[in-house]
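A.B. asks: Sequence:
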Amino acid sequence: MLVDLKLAQENIINLVKRLIESLENDFTRAKKNYNEVAIALVDEFKAEAAKVVYKVTKKMAKAQAIKLLEEVGISEPAIRYKQYPFEFSGGMRQRIVIAIALASNPDVLICDEPTTALDVTIQSQILELINKLKVERKLSIIFITHDLGVVANMADRIAVMYAGKIVEYGTADDIFYDPRHPYTWALLSSMPDLDTKEKLEAIPGTPPNMIYPPKGDAFAERNKYALDIDFEVEPPLFEVSSTHYAATWLLHPNAPKVNPPKIITDRIERMKGAHHE
Numbered sequence: 001m002l003v004d005l006k007l008a009q010e011n012i013i014n015l016v017k018r019l020i021e022s023l024e025n026d027f028t029r030a031k032k033n034y035n036e037v038a039i040a041l042v043d044e045f046k047a048e049a050a051k052v053v054y055k056v057t058k059k060m061a062k063a064q065a066i067k068l069l070e071e072v073g074i075s076e077p078a079i080r081y082k083q084y085p086f087e088f089s090g091g092m093r094q095r096i097v098i099a100i101a102l103a104s105n106p107d108v109l110i111c112d113e114p115t116t117a118l119d120v121t122i123q124s125q126i127l128e129l130i131n132k133l134k135v136e137r138k139l140s141i142i143f144i145t146h147d148l149g150v151v152a153n154m155a156d157r158i159a160v161m162y163a164g165k166i167v168e169y170g171t172a173d174d175i176f177y178d179p180r181h182p183y184t185w186a187l188l189s190s191m192p193d194l195d196t197k198e199k200l201e202a203i204p205g206t207p208p209n210m211i212y213p214p215k216g217d218a219f220a221e222r223n224k225y226a227l228d229i230d231f232e233v234e235p236p237l238f239e240v241s242s243t244h245y246a247a248t249w250l251l252h253p254n255a256p257k258v259n260p261p262k263i264i265t266d267r268i269e270r271m272k273g274a275h276h277e
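Going by the working numbering, the sequence shown opens with residue 1, and the numbers climb by one from there.
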């Protein structure tokens, strides 16, 4: 899902209302051919998004939508504009979603798992497209993903989240070469490394029930480095450097010194070696 922060709340509401009206108008046709309704709604969404922002006619909005399809790499966009969803591959459908998000000329783009369910080749193409748009449009990208390989290739700054809160924040180098939070250690340890015969690490336990959040640090129950205070008081973000912060009591001046696990230090050394080659 890609969200444009530049659309005002009332514009989003109006857009949704128009889409609902379109769905209601096409309901009888849906019984005959739901794909026809689906593509009609895709067309309507692209055009309406442009109309809401630019306040132009439907004809002008269609022209803008076709231009956007071309920008995101859809060949023959004027023809593709009217095709059915099943005629597009998963990668092409993702490109169309990106085109919809670009319709309002945003400054910030939120990409929530944009490469999920795509094969490695298509994933690479989508990431390349996002990077291209970032440079050409001078976009700021907020990229939400569970794939640390994607993070390593895409991110300038990284926020590691657990139980809905940021537990570590820093530059890509901070997080990959100097991680400080035990959850970050656990994530990095769980990454498969084809260059070694290391056993794939798993994070013990299960995530907390956020309907009834635990007292103290939400990661404490799964953290073998947890201190007594972790079960009582939620840690603040401690400053590691001017660019790097981590929410762990291990960074308190009075805390016992705990080093990252060997699997992490070994990986950091290998990454440093590969970087210098």
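Just so you know, these hints were derived from the structure itself, not from any lab.
Just so it is clear, CB atoms sit at the ideal spot from N, CA and C, and this is done for glycine as well.
It cannot be assumed that every hint is accurate.
Said to hold, decoys possible - Here are the computed lysine-lysine pairs in the DSBU-like style, where the Cα-Cα straight-line distance is at most 35 Å: (1) K59 <-> K82; (2) K165 <-> K58; (3) K138 <-> K199; (4) K82 <-> K58; (5) K132 <-> K58; (6) K138 <-> K197; (7) K165 <-> K62; (8) K165 <-> K224; (9) K199 <-> K272; (10) K67 <-> K138; (11) K165 <-> K67; (12) K272 <-> K262.
Said to hold, decoys possible - Quick list of the computed label-pair ranges, beta carbon to beta carbon: (13) I268 <-> P85: 15 to 23 Å; (14) P207 <-> E239: 52 to 60 Å; (15) S190 <-> K272: 54 to 62 Å; (16) A163 <-> A202: 42 to 50 Å; (17) K257 <-> E136: 45 to 53 Å; (18) A255 <-> D156: 23 to 31 Å; (19) E70 <-> P204: 44 to 52 Å; (20) K67 <-> K257: 21 to 29 Å; (21) I79 <-> A163: 42 to 50 Å; (22) K272 <-> T57: 20 to 28 Å; (23) E269 <-> V108: 13 to 21 Å.
A.B. asks: Next step is simple, just say for each hint if it's right about the structure.
C.D. replies: Here is how each hint holds up against the structure:
no.	hint	verdict
1	K59 <-> K82	14 Å, holds
2	K165 <-> K58	43 Å, violated
3	K138 <-> K199	42 Å, violated
4	K82 <-> K58	15 Å, holds
5	K132 <-> K58	28 Å, holds
6	K138 <-> K197	42 Å, violated
7	K165 <-> K62	41 Å, violated
8	K165 <-> K224	20 Å, holds
9	K199 <-> K272	21 Å, holds
10	K67 <-> K138	18 Å, holds
11	K165 <-> K67	39 Å, violated
12	K272 <-> K262	15 Å, holds
13	I268 <-> P85: 15 to 23 Å	45 Å, violated
14	P207 <-> E239: 52 to 60 Å	27 Å, violated
15	S190 <-> K272: 54 to 62 Å	20 Å, violated
16	A163 <-> A202: 42 to 50 Å	18 Å, violated
17	K257 <-> E136: 45 to 53 Å	47 Å, holds
18	A255 <-> D156: 23 to 31 Å	30 Å, holds
19	E70 <-> P204: 44 to 52 Å	50 Å, holds
20	K67 <-> K257: 21 to 29 Å	58 Å, violated
21	I79 <-> A163: 42 to 50 Å	47 Å, holds
22	K272 <-> T57: 20 to 28 Å	58 Å, violated
23	E269 <-> V108: 13 to 21 Å	36 Å, violated
In summary, the structure is inconsistent with hints 2, 3, 6, 7, 11, 13, 14, 15, 16, 20, 22 and 23 from the numbered list given earlier, while agreeing with the others.
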